[in-house]
Every structure is written in structure tokens, then in C-alpha cells.
Amino acid sequence: MRSRFRLEVDVVLGDDEAANVIEVARQYIAAEGEVPTVGESGVVQTLRPEEFIDGIEDALMELLQRNHLLGSGRVEVERVACRST
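Using this note's numbering, the first residue of the sequence shown is number 136, and each one after it goes up by one.
To be clear, the hints were calculated from the coordinates, so they are not data collected in a lab.
All the given hints hold, so there is nothing to weed out.
Simulated DEER-style distance windows between Cβ atoms: (1) V212 <-> A165: 18 to 26 Å; (2) E143 <-> H203: 15 to 23 Å; (3) V215 <-> A154: 18 to 26 Å.
Note that CB positions come from ideal geometry on N, CA and C, so glycine has one too.
With the sequences and hints as input, model every part of the structure.
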């Protein structure tokens, strides 16, 4: 039987720290190359890391989804959302 859990995390960052998080997330994306994504018209297009990681919310979600510890623990992340409060 599978169980579902919801994690809630509040992250507090200064402007310099937020810029660093964005840069680290873009570096992870860059290591994999361009990112294929489906545009509004339904056409697959590729994005550069700077286009894919547009701001701190995108960066935080990418870092969470790419966390190797979750994968090592066989944790399946079903959904990720981020918003400023």
C-alpha cells in the first residue's frame, strides 16, 4: 500500500542568496543541456537554462525535484508548487 504525504517548507532568502539559488539551478540544467518543453501551441521546443529558470520560484522547484537524496530514498515527488508569501 502506498501512502501520500504533503510537505510544507518555508524558505527565507536574501537577495544575494536568491541570486545564488537561481545560478545553481541553472548550472544543474546546463549540465544536462537544453530543456525540451511543450509550448502553448503544443509544439515541442527547447529552452536554455536562463529561459527555463526564470526566477527564484522556478529555481527552488528544480532544486527540489533534482535532489539526489530523494531519489536515493526512492521518494516519488508527485507535485511541486512554489509561491512567494
